[in-house]
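Novice: Got chain A; can you put chain B on it based on the hints?
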Amino acid sequence: SQQGEEDPQALSIQEGENATMNCSYKTSINNLQWYRQNSGRGLVHLILIRSNEREKHSGRLRVTLDTSKKSSSLLITASRAADTASYFCATAGLGGNTPLVFGKGTRLSVIA
Amino acid sequence: GAGVSQSPSNKVTEKGKDVELRCDPISGHTALYWYRQSLGQGLEFLIYFQGNSAPDKSGLPSDRFSAERTGGSVSTLTIQRTQQEDSAVYLCASSLQANQETQYFGPGTRLLVL
Chain A
2 SQQGEEDPQA LSIQEGENAT MNCSYKTSIN NLQWYRQNSG RGLVHLILIR
52 SNEREKHSGR LRVTLDTSKK SSSLLITASR AADTASYFCA TAGLGGNTPL
102 VFGKGTRLSV IA
Chain B
84 GAGVSQSPSN KVTEKGKDVE LRCDPISGHT ALYWYRQSLG QGLEFLIYFQ
134 GNSAPDKSGL PSDRFSAERT GGSVSTLTIQ RTQQEDSAVY LCASSLQANQ
184 ETQYFGPGTR LLVL
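Protein sequence lines, in the order shown, are assigned to chains A and B. In this text, residue positions in the first sequence follow the working numbering: the first is 2, and each later residue adds one. In this text, residue positions in the second sequence follow the working numbering: the first is 84, and each later residue adds one.
Worth flagging that the hints you see were computed from the coordinates, not collected in a lab. There is no bait here: all hints are sound.
Here chain B is said to cover these stretches of chain A; the calculated rule only asks that three of the stretch's residues, wherever they fall, bring their Cβ under 8 Å from a Cβ of chain B: (1) 21-35; (2) 45-59; (3) 103-111.
Don't be surprised by glycine CBs; every beta carbon is placed ideally from N, CA and C.
Just chain A, same shape as in the assembly:
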């Protein structure tokens, strides 16, 4: 069954503003990952947060994980036009080698 569900489906902001995207999932996880996709091509891994972590930072990215609510958020601070892309969360379920399950993504548009 579908795991990660991103919210909102689309987001449009002005350059310099912060962008927040949310991901909800249904079953227990080992880790949750965020990926970025430009122009419908390959995805690029942004950040991985494990189930025993609550917050993680990487440059202008901040990810939080609330396992009690089965949700995660991705915050991009001081957004740039180059951040325009689709952002996907992917969950790694319990059980070792089950494949990642990707959500449908949030389409972010940053207007210069």
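Specialist: Structure of chain B alone, referenced to chain A:
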């Protein structure tokens, strides 16, 4: 190699024809994954390989789809008797192990079935 490569980049075919999509993973990566992405949608898992074996084929949409991997490296996804609903971007990814860590994606093959 430097990254995951896929060929062809684009493929236009006629309904009923067979197509082969190729994926060349990062050297040393034992796990390889195939996904399908329809326009504006998320990723649909198709199949993954650990080495040359495919522990999970549950995502293949029909028996027209098959995949193989030889030598623990290159993989081929074959779609027989293509249908218009097969039109999508087919993405390949690899990782060091099939352990749910970071996956590295190729640029994808955009398939259009007329």
